[in-house]
Amino acid sequence: MLSRFSDVLQSAADVLAPPPSRLEEFQYHWKMVLNFYHNYDESSKQRVEDTRLPHHLQHMLQLLVDEEAEAAAGADAGAGALGACREAVARRAVPLPDALAALAHADRPAGARALALALLAALLRRTRASLHCAPVHGPLRRVLLRAAPPASPTEREEAELLLALCGRVRREPSLAALFTAPLPEEEPALRLPPAAPRRSPLWDVPPPAARVALAGDGRRTPHDEPERLLLAEPLLRHLHSADSRVVLRACEALLVLASLPAPEVAHLLASSPACECVAERLLAAFRAVPADLDPADAEALPAGWASAPPDEPAPRAPGRRQLGAFFGWLDYCDTLCKECHPALAAHLARAFRSHFLDAAGEALSARGALLATALLARCLRRLDAPELVDEFSDWLVGDGPLEEWPLLLTLVDNCLGADHDLTLETLRFFEVIVEKGNERSMERLVLARVSSRGYVAPPAERDDSAERDERERLNDVSFARERERSRDALQQLQHERRVRERVGELLAHERDERAPSPDLHDDINSFLLLLPRAVLSDPLGADYAQYVADAQRQLQHWLDCTAAHAWRRDTRDADADSCDSRAEADRPAPAPFDEGPFLRALLELAARMPERPYRVNLQLTAVLARLALLPHAALREYLLRPALPAAPATRTLFRALSGVAARLAVAVPRLAQHRRRLHRTRLQLLSEDPAADDAPRHPLLETLIVLEEFCKELAAIAFVQHQHERQQR
Amino acid sequence: MAYAYLFKYIIIGDTGVGKSCLLLQFTDKRFQPVHDLTIGVEFGARMITIDGKQIKLQIWDTAGQEAFRSITRSYYRGAAGALLVYDITRRETFNHLTTWLEDARQHSNSNMVIMLIGNKSDLESRREVKKEEGEAFAREHGLVFMETSAKTAANVEEAFINTAKEIYEKIQEGVFDINNEANGIKIGPQHSTAGAGGAGGAGAGGAPPGGCC
Ligand SMILES: Nc1nc2c(ncn2[C@@H]2O[C@H](COP(=O)(O)OP(=O)(O)OP(=O)(O)O)[C@@H](O)[C@H]2O)c(=O)[nH]1
Ligand SMILES: [Mg+2]
Numbered sequence: 001m002l003s004r005f006s007d008v009l010q011s012a013a014d015v016l017a018p019p020p021s022r023l024e025e026f027q028y029h030w031k032m033v034l035n036f037y038h039n040y041d042e043s044s045k046q047r048v049e050d051t052r053l054p055h056h057l058q059h060m061l062q063l064l065v066d067e068e069a070e071a072a073a074g075a076d077a078g079a080g081a082l083g084a085c086r087e088a089v090a091r092r093a094v095p096l097p098d099a100l101a102a103l104a105h106a107d108r109p110a111g112a113r114a115l116a117l118a119l120l121a122a123l124l125r126r127t128r129a130s131l132h133c134a135p136v137h138g139p140l141r142r143v144l145l146r147a148a149p150p151a152s153p154t155e156r157e158e159a160e161l162l163l164a165l166c167g168r169v170r171r172e173p174s175l176a177a178l179f180t181a182p183l184p185e186e187e188p189a190l191r192l193p194p195a196a197p198r199r200s201p202l203w204d205v206p207p208p209a210a211r212v213a214l215a216g217d218g219r220r221t222p223h224d225e226p227e228r229l230l231l232a233e234p235l236l237r238h239l240h241s242a243d244s245r246v247v248l249r250a251c252e253a254l255l256v257l258a259s260l261p262a263p264e265v266a267h268l269l270a271s272s273p274a275c276e277c278v279a280e281r282l283l284a285a286f287r288a289v290p291a292d293l294d295p296a297d298a299e300a301l302p303a304g305w306a307s308a309p310p311d312e313p314a315p316r317a318p319g320r321r322q323l324g325a326f327f328g329w330l331d332y333c334d335t336l337c338k339e340c341h342p343a344l345a346a347h348l349a350r351a352f353r354s355h356f357l358d359a360a361g362e363a364l365s366a367r368g369a370l371l372a373t374a375l376l377a378r379c380l381r382r383l384d385a386p387e388l389v390d391e392f393s394d395w396l397v398g399d400g401p402l403e404e405w406p407l408l409l410t411l412v413d414n415c416l417g418a419d420h421d422l423t424l425e426t427l428r429f430f431e432v433i434v435e436k437g438n439e440r441s442m443e444r445l446v447l448a449r450v451s452s453r454g455y456v457a458p459p460a461e462r463d464d465s466a467e468r469d470e471r472e473r474l475n476d477v478s479f480a481r482e483r484e485r486s487r488d489a490l491q492q493l494q495h496e497r498r499v500r501e502r503v504g505e506l507l508a509h510e511r512d513e514r515a516p517s518p519d520l521h522d523d524i525n526s527f528l529l530l531l532p533r534a535v536l537s538d539p540l541g542a543d544y545a546q547y548v549a550d551a552q553r554q555l556q557h558w559l560d561c562t563a564a565h566a567w568r569r570d571t572r573d574a575d576a577d578s579c580d581s582r583a584e585a586d587r588p589a590p591a592p593f594d595e596g597p598f599l600r601a602l603l604e605l606a607a608r609m610p611e612r613p614y615r616v617n618l619q620l621t622a623v624l625a626r627l628a629l630l631p632h633a634a635l636r637e638y639l640l641r642p643a644l645p646a647a648p649a650t651r652t653l654f655r656a657l658s659g660v661a662a663r664l665a666v667a668v669p670r671l672a673q674h675r676r677r678l679h680r681t682r683l684q685l686l687s688e689d690p691a692a693d694d695a696p697r698h699p700l701l702e703t704l705i706v707l708e709e710f711c712k713e714l715a716a717i718a719f720v721q722h723q724h725e726r727q728q729r
Numbered sequence: 001m002a003y004a005y006l007f008k009y010i011i012i013g014d015t016g017v018g019k020s021c022l023l024l025q026f027t028d029k030r031f032q033p034v035h036d037l038t039i040g041v042e043f044g045a046r047m048i049t050i051d052g053k054q055i056k057l058q059i060w061d062t063a064g065q066e067a068f069r070s071i072t073r074s075y076y077r078g079a080a081g082a083l084l085v086y087d088i089t090r091r092e093t094f095n096h097l098t099t100w101l102e103d104a105r106q107h108s109n110s111n112m113v114i115m116l117i118g119n120k121s122d123l124e125s126r127r128e129v130k131k132e133e134g135e136a137f138a139r140e141h142g143l144v145f146m147e148t149s150a151k152t153a154a155n156v157e158e159a160f161i162n163t164a165k166e167i168y169e170k171i172q173e174g175v176f177d178i179n180n181e182a183n184g185i186k187i188g189p190q191h192s193t194a195g196a197g198g199a200g201g202a203g204a205g206g207a208p209p210g211g212c213c
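Sequence lines, in order, name chains A and B.
Under the UniProt record's numbering, the first residue of the first sequence is numbered 1, with each subsequent residue one higher.
Under the UniProt record's numbering, the first residue of the second sequence is numbered 1, with each subsequent residue one higher.
Keep in mind the hints are simulated off the structure, nothing from the lab.
All of these numbers come straight from a predicted model, not from anything done at the bench.
Among the hints, erroneous ones may be present.
Partial chain A-side listing against chain B, Cβ under 7 Å, derived [what the hints assert, rightly or not]:
#1 Val65
#2 Glu68
#3 Ala72
#4 Arg125
#5 Arg126
#6 Arg249
#7 Glu339
For each label pair, taking beta carbons as the anchor points, the in silico distance ranges come out as [to be verified]:
#8 A:Asp66 x B:Ala45: 30 to 40 Å
#9 A:Glu264 x B:Arg69: 14 to 24 Å
#10 B:Asp103 x A:Arg680: 47 to 57 Å
Glycine is no exception: its CB is placed at the ideal position from the N, C-alpha and C atoms.
Working from the sequences, and respecting the hints, build out all of it.
So this is what it looks like as structure tokens:
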């Protein structure tokens, strides 16, 4: 009843007195804040939520927001003028930001820090007025300089404030200079309101502005401490927080800052440990993946850095959380690199190498090599930022002589070692390396090795008839004597004729005024006739057309992604050279051909196919096929031209495969019921449904089928490459 | 809480069109008169029911400010639905729709359902974009269209729920690969635990029968 009565009185008073102006209201709330601290009892256990403080401070914020909204609505009239409340803040008549900064520091009453930080952040997000005003940015600086230690209870509020501040700087880049230390210009000292009681937490704090002014004294000389970005320090601390929401905010804030087009900010960030910090987080996440994790689990993770809400419970499957975190950080690096200023991107790429790759690479020669290989391969596959892909590729091939680059040697060792799983993962890595390699890595790994064409037999040593015999022999590995005895002999002859005819038909289809080179005919035949008919599982070569279509598509892909590579402009015509091999008679004798560690490892594996499991061989042929599809004249010649006489003692793909074919041609017919089993193995391996028939298979038969299919694929690639080269001419 | 499916949404559009307000209205049934600029992403979640099934909507509210596009782009991936919002009282927010659409199509998966929303329908007196224009744009680009008011809550429920219905229908048609989380759809625990060995098939699992694709 009584309160009803006082309400009535109040409304009567409202009618009589003119309503208070916005400024008066603003000043009223400020006075209430001052009063609160005037009467504040230091020993009080009261929390800020139980006081009127939030009410008054929030009102002040709302008044500033309203004032701005009103000004914006009438913007056409008097634009640019500060409202009365804002003016009071700017003149420090009502030092609201100072008060908030002081509260954030003193945290009295308990909880005041969180309140003050939240209000500062809201002030930044809800108002537009410039921060180029010392009474506003000064207190914000102080908050940054006095950031709380890690894992403080107000970490979330700090992170929100930082994001809001970075957002402001992003929209108004000239602000960045205000948030550097030492300060570019002296900050006016905090003017204490005369009525301020001595023991109020608001005024107790020595104004740090004075400290800053002492240290920097306004003018900096080149000998002074280097300029640093105040925003960066707390932000980087938050990247290490245990609270995923804090980490997310820090990631966003860093991304916002890094995407500023202003080079000054990019350089400030580059001279802060920001990039190193991100790379370290990536490394920590890499190391946290449990070593017993199955590499296959790394496949279908939707791991964007921002793909899960921060408060979502982690997946329960073992290792998935760590795996997700690793790919999340990887994606963040990638995103940061794509979105940031180019100067910073270059710096990030270097940090990625020095702080992540170098350390992660050590795991390749340790016990966890299998997982490390799988993770690094997926890492390279997922990367999209050109700077990072470049850095990764450069790291893989090193700088000095390739034969001495430990990392590559480790990979080659792993690839040739006895652990088939490790061989397989390493081959998968190789496939990505070939697919995503940059110009330099491809050059060093492969192209530089073959461009001298040292694999071609010097004319003097060439004995054409011997070579041809060799080829004949290889094309028909069942050997003449055996053949004569065999019932298969006639069939083999028919088969060869049929293959030749089909190749002839295929080539005739090319509408070209010039006849296809007879060498091409030979090359394709060499591959298609590498295995004798007697051991073929698919003598008709039914899917040859499919291989041609695939090869065409993949070649086009290579053409697109290597279009800018320097070697593509080198239009030297290997084909023309080699057609008339005598044209190079006066070339100086080249050094013995060295295919380099990378190609050597692949060819060695190819030669040892019968000793490796199916999955390894299949992956090996995938890598080799990808290389053979590169539109590089010499590489194509080296891998795809069996008809070209190769220098003695030179490893070539065709020689390696011929050796395997010879072994299989002898060993396979010795297996009991080999034709039936071969047929069944083929069905098992090429069937879409892996569970259709899981009867045990003989490894030799599996190898045979890989080789048989690979030969078709190589023949198709040789054909497609030839087609392409003719179109070029 | 158990759900049959989880759908991820994003809300995109120019700054100030009312994206955060739409989310707040949908999740908390409140209206916020102040424009609290979004910089990073804000999350919201709510359970709805479609076809007798509990569906959890996980909504990502993004920043409209051009300056924060570097962050916004990161959130496109892995969304099954998008609310593309403009402000019917500000023509320029309508004019920017094409850019938003291009951005969305470039960074998101191709099956994403996009709902076009003309917001602030309560401000009829200040209308600058006719309803027919919104409809025409939606027709032209194959979007669903609706006018809403985050202030009065008009059509807000419908906007979120109709988007979910579209996604649900696409799932029934087998357009979405629901086993790939990157498409913004997750099968709820009551489904996946039913499939032994975590094979995660499309079976109806523990839910009422008949929901199989
Ligand atoms: N009258 C009216 N005002 C609205 C409506 N929706 C939002 N607003 C107002 O529009 C302003 C901006 O709303 P927000 O939701 O913060 O805008 P946003 O799209 O999230 O903007 P950004 O976060 O900057 O991208 C606020 O002042 C809201 O009160 C509505 O339906 N009707
Ligand atoms: Mg918003």
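The hints, checked one at a time:
1. Val65: At 6 Å from the nearest chain B Cβ, Val65 of chain A passes the 7 Å test, so the hint holds.
2. Glu68: violated, 10 Å
3. Ala72: Check failed: Cβ of Ala72 of chain A comes no nearer than 10 Å to chain B, outside 7 Å.
4. Arg125: With a minimum Cβ separation of about 4 Å from chain B (threshold 7 Å), the hint on Arg125 of chain A holds.
5. Arg126: holds, 6 Å
6. Arg249: holds, 6 Å
7. Glu339: This hint holds: Glu339 of chain A lies near chain B, its Cβ roughly 4 Å from the closest one there, short of 7 Å.
8. A:Asp66 x B:Ala45: 30 to 40 Å: holds, 32 Å
9. A:Glu264 x B:Arg69: 14 to 24 Å: holds, 21 Å
10. B:Asp103 x A:Arg680: 47 to 57 Å: holds, 53 Å
In this structure, the earlier hints numbered 2, 3 are contradicted, and the remaining ones agree with it.
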